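With chain B fixed as given, assemble chain C onto it according to the hints.
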Amino acid sequence: MSKNKALLFGNEAIAHGAREAGVYFASAYPGTPSTEILEIFSRFPGIFAKWSPNEKVALEVGIGACLTGTRTLVTMKHVGVNVAMDPLMTFTYTGVVGGFVLVSADDPEMHSSQNEQDNRIIAKFAKIPVFEPADSQEAHDFTMQAYDLSEKYNTPVMLRETTRIAHAKGLVELGEWREPIRGEGFERDTQRFVMMPNFARPRHSFVERRTLELAKFSDEWDGNILELKGKDIGVITDGVAYQYIRELLPDASFLKVGMPWPFPAGKARKLAEHVKRVIVVEELEPFLEEEATFAGLKVEGKKYFPREGELNLDKVAKGLYEANLGPKPAPPRTPADNVVNRPPVLCAGCPHRGIYMALKKVNADVYGDIGCYTLAALPPLNALHTCFCMGASIGNSIGASLASKDPKHPQIAVIGDGTFLHSGLTGLMDLVYSNANATVVIVDNSITAMTGGQDHPATGRDLMGNEAPVVNFERVIEAIGIKKITILDTYNYDKALEQLKESIEYEGPSVVIARRACALFPKKLRPSPYVVEADCNGCAACFRIGCPAIMPSDTEKTPKGLAKAVIDPNACTGCTLCSQVCPIDVIHPIHVEEEVKA
Amino acid sequence: MSTNGMTNILIVGVGGQGVVLASNILCEVALRAGYDVKKSEIHGMSQRGGVVSSHVRFGDKVYSPLVANGQADAVLAFEVAEALRFAHEVKEGGRLFASVQKIKPPSGGGKKVVPYPEDAVERAINVCAGKVVPIEAEKIALELGNSRLTNTILLGALSTGIDIDDQIWLATIKSMVPPKTIDLNLQAFQRGKDVVK
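Residue numbers (our numbering), protein chains in the order written: chain B, 2 to 599; chain C, 3 to 199.
These aren't lab readings, by the way, just hints derived from the structure by calculation. Quick caveat: nothing in here was measured; it's all calculated off a predicted structure. One thing to keep in mind: the hints can contain errors.
[Stated by the list, open to error] Listed next, the in silico DSS-like pairs over lysine-lysine satisfying Cα-Cα at most 25 Å (straight line):
| # | chain 1 | residue 1 | chain 2 | residue 2 |
| --- | --- | --- | --- | --- |
| 1 | C | K106 | B | K565 |
| 2 | B | K268 | B | K304 |
| 3 | B | K319 | C | K63 |
In isolation and in its complexed conformation, chain B is listed as follows (with noise of 0.2 Å):
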């Protein structure tokens, strides 16, 4: 093994890939599959990088670091792109001056997200070149080569990636790094970069003249391998895809699209011509199947292999099986049933807990948004009953309020800080603008957690490590209009219902800001243990508050044979929520007179 080879995910990979291509300036917001590119591109020297508060000020940033000459990197998730797309769809007419690469990492069977988009159709509709890497290997050697394409073709271009190559690991070929590549600054040209109709309308000529030259490039990229062997069947695939399908036949002939859009018509017609019948395999959307199919070839795909979901060896198989291509598979292995369940859940000591115990006290209706704080839907808090998008929950409490026949319903959005400066600034606008009788619970951890724990704009650090001016909650609320502005915490439950309580008996907007700090970053909270003692009745209050360090005992039963409750030490935070629910009060922490000494 070579000194420069390592064994890297597909987003090392491309971190990487972005460093030995020169790049100076990245921006992102992150978004599982995604996050890890900025988190370790940022650690490189020599480079800037950056979190921005949402998707589309994240590429807003990079376009103008791009406008300056300089080589940029822009990572999302593939919803973030949808945040993203005003820019994005005009940025696509202005071209750029340093090369200008978008991540977006799409998420097949929604391991993390709400939907299963497939951004290869953005790329066409943005009219902009998309890459797509089938490992680790190519999503490196891919990102160098779009920041090429991208500065000849003078145009944006996407390097699409999955959870699958996002989080699999492969072995890398490193290179050596470049110099960052800092342009000397904004050069006007009015023309070229100011949209308005008169400018645009050429702009839009240029971008069909590129699409002609790109579809070209497509055709003649050795990144769009045509592999010509067997004469029975070809197959068109991409991405993961053609990993399963390659080990499924090794002996079949190949054409391993690179670059989906423009599609490589030709390569895909001499491929026809070998073979007598042309199969086509790509995960989610027909993309590669319509685009053969209206470069006039017959081919067959979506017919056999799923639209929905990932793909994986045994689907792959099935679907050649259907297709009389394979063997009949064996019948699958069935699990084990009744393996106990292990939904996601709230961690222990998490400052979420409380707000939604009270929540759900009030029996309120919960609009809600996206974070950790998403999974008080499931049991056995319950205490959230929509999820949209990033920002929805507000617009949506406001929509409820104003519709609704019973104008004194309590109508409740909760948002996490992060997302309240990713999206919820302007719908708290419209609450004040309405003057709608709704309650918003900003969650405030302090932190980016569902991701894994990244700073913004309220947190006091910056992606560098730097300490960072912090965008002050209460001061941009009252700015805004909101008359009605309540601070609690959730760690005191009864104090907390109250102040909840009080809030949302208010008539019109109001706030709550429910603040403690995340239980895991920046710093796991040391535990300081409870414990449960011996006259418990076994009633389980403090099982309802769903913290995952309380739990039935197996051995210790109350006379009328009750499992009493019992606390993992190690997990437990001592919070004290538990020990406030409790009706018997017999909970209480672990070496109560060595804290009284201390």
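Only chain C this time, still in chain B's reference frame:
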């Protein structure tokens, strides 16, 4: 024990148990043995106490990053209910190395909650096409004086199901654990191997 020169391993457990670290060590061992290696796992929501599974494949040339259904040469389970959950993934002649440690999920989910499988090992034996090897990893670790050694004990057991020289395992472990704990970790690795004998 591999199929067509390809070795398929699943390492499974509960978020926070060290599944990812163990699969990283296995990948390094396979790399040092001269193989092409791929591994795939799911991050994100799984870190909130959910099920974690890491697929590791190595051979002359690896395509799919995922192991096919029922084709694992070995499954290494850090938790006994997870051993049951993945028991069907072991191929005929393969092995399920199952730590007998129990981690129960939070309670309070209402009446529909599936109870924890107290008889997980017995049920796994019925489901698994290969051999089930229960391992009292926590107990052995405590005998050695440090509960953190469970990871290395389990890797020691797994090593008996993989055709790679012990010297490569030992050198890899030496290079990947804190220097002060090298001797203990080498003992733990041997104790894990001894369980299988």
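Cross-check of the supplied hints:
no.	hint	result
1	C:K106 <-> B:K565	holds, 15 Å
2	B:K268 <-> B:K304	holds, 23 Å
3	B:K319 <-> C:K63	holds, 23 Å
Violation of the numbered hints given earlier is absent; every hint is satisfied by the structure.
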